[in-house]
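Q: Sequence:
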Amino acid sequence: MSLDSVRAFLGTHAPDLAIVELPVSTATVTEAAAAHGTAPDQIAKTISLRLGDQVVLVVAAGTARLDNRKSKAVFGQKPRMLDRGDVEELTGHPVGGVCPFGLKSALPVYCDISLRAFDEVIPAAGAINSAVRLSPERLASLTGAEWVDVCQTPD
Numbered sequence: 001m002s003l004d005s006v007r008a009f010l011g012t013h014a015p016d017l018a019i020v021e022l023p024v025s026t027a028t029v030t031e032a033a034a035a036h037g038t039a040p041d042q043i044a045k046t047i048s049l050r051l052g053d054q055v056v057l058v059v060a061a062g063t064a065r066l067d068n069r070k071s072k073a074v075f076g077q078k079p080r081m082l083d084r085g086d087v088e089e090l091t092g093h094p095v096g097g098v099c100p101f102g103l104k105s106a107l108p109v110y111c112d113i114s115l116r117a118f119d120e121v122i123p124a125a126g127a128i129n130s131a132v133r134l135s136p137e138r139l140a141s142l143t144g145a146e147w148v149d150v151c152q153t154p155d
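Heads up: the sequence shown at position 140 corresponds to 140 in the UniProt record's numbering, and the numbers run straight through without jumps.
Do not rely on the hints blindly, as some may be mistaken.
Across the chosen pairs, the derived CB separations fall in these ranges [to be verified]:
(1) Asp119 to Gly144: 37 to 47 Å
(2) Leu107 to Glu137: 17 to 27 Å
(3) Asp83 to Asp119: 31 to 41 Å
(4) Gly52 to Leu17: 15 to 25 Å
(5) Trp147 to Ala106: 13 to 23 Å
(6) Pro15 to Asp53: 13 to 23 Å
(7) Arg65 to Glu120: 18 to 28 Å
(8) Arg7 to Lys78: 31 to 41 Å
(9) Arg69 to Val24: 11 to 21 Å
(10) Pro15 to Asp83: 19 to 29 Å
(11) Gly37 to Lys78: 28 to 38 Å
(12) Trp147 to Ala14: 33 to 43 Å
When the alpha-carbon atoms are kept at most 30 Å apart in a straight line, the in silico DSSO-like pairs for lysine-lysine are as follows [unchecked claim]:
(13) Lys104 to Lys72
(14) Lys70 to Lys104
(15) Lys104 to Lys78
Hints were generated in silico from the structure; no laboratory data involved.
Don't be surprised by glycine CBs; every beta carbon is placed ideally from N, CA and C.
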């Protein structure tokens, strides 16, 4: 069902984008990078966060880590990661397949500036073995995302 919701979303908003389905798991950044033959940073991971009563999604480069100080400055409070059940209930996507497309609930989406280091990024597409390739700018445009600086990247 989750892959279907992403397929429907992209069919309406970006019919030129193809969903890549692989015979292996791409549920982790490491698995996804290996399966797609790319650097882990180029995998666009989607982080589900709770800000008080609000849930938001942050899409960031694969090896970027949420920075508590930056996050608090941007969001006005320290975000908390959602538990697995809440992630699936609110996004409609399984952990490892979460993406900002075809969401079950209307959630605000933020793109971390770590994505801008790449011409193309690879977010999941609603299943633990699916993804799509697109530019960071197009990802932000399709999802109505706001650009933020909330992550630290490895040196």
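Q: Next, verify each hint and record whether it holds.
A: Tested hints:
1. Asp119 to Gly144: 37 to 47 Å: For Asp119 and Gly144 the Cβ distance comes to about 22 Å; the hint is violated.
2. Leu107 to Glu137: 17 to 27 Å: holds, 20 Å
3. Asp83 to Asp119: 31 to 41 Å: holds, 35 Å
4. Gly52 to Leu17: 15 to 25 Å: violated, 34 Å
5. Trp147 to Ala106: 13 to 23 Å: holds, 19 Å
6. Pro15 to Asp53: 13 to 23 Å: violated, 36 Å
7. Arg65 to Glu120: 18 to 28 Å: The hinted range 18 to 28 Å holds for Arg65 and Glu120, with Cβ atoms some 22 Å apart.
8. Arg7 to Lys78: 31 to 41 Å: holds, 35 Å
9. Arg69 to Val24: 11 to 21 Å: Given about 37 Å between the Cβ atoms, the range is violated.
10. Pro15 to Asp83: 19 to 29 Å: violated, 35 Å
11. Gly37 to Lys78: 28 to 38 Å: holds, 37 Å
12. Trp147 to Ala14: 33 to 43 Å: Once the Cβ atoms are compared, 19 Å apart, the range 33 to 43 Å for Ala14 and Trp147 is violated.
13. Lys104 to Lys72: holds, 26 Å
14. Lys70 to Lys104: holds, 28 Å
15. Lys104 to Lys78: Cα-Cα ~25 Å, so holds.
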